[in-house]
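Novice: Sequence:
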Amino acid sequence: MKTPSKYPLTLSGLLMMAGCTQMQPNDAIVPLQAATAQMIGLASSDELTVSNVQATSPDGLGGQQLSYTATTVRGRVFSCSALMTPGLLTEPPKVSAPHCTPVLVHQ
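The letter at position 89 of the sequence shown is residue 89 when you use the working numbering, and the numbering goes up by one with no holes.
To be clear, the hints were calculated from the coordinates, so they are not data collected in a lab.
Glycine is no exception: its CB is placed at the ideal position from the N, C-alpha and C atoms.
Relax, there's no trap hidden among the hints.
Derived Cβ-Cβ restraints for the label pairs, each shown as a range:
{"#": "1", "residue 1": "V73", "residue 2": "T101", "range": "17 to 25 Å"}
{"#": "2", "residue 1": "L104", "residue 2": "P58", "range": "30 to 38 Å"}
{"#": "3", "residue 1": "L104", "residue 2": "L61", "range": "33 to 41 Å"}
{"#": "4", "residue 1": "L61", "residue 2": "G41", "range": "26 to 34 Å"}
Required output: the full structure, derived from the provided sequences and hints.
Specialist: Here it is, written out as structure tokens:
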């Protein structure tokens, strides 16, 4: 009696991981803008500009911590961070858990 081989299962798992999609920090600006605008309580992401996006090295699961600056059209400036996780197969990468702290701007 033959026992089923574990190789097809392992191969399919590797193929699924190979299908993970990563996002570059500059590609994350639009999702960051939307998530941050919602977190701050703005009516639209058009009221916010995201700049200075920097990412850490990917962790074991491909997630990256992002740090960035968010500026509203009224001049309020925030120092923010968020988590970017890779998408699987056909799903795009996701940006979640934005956290922002107001920055005092001297005029």
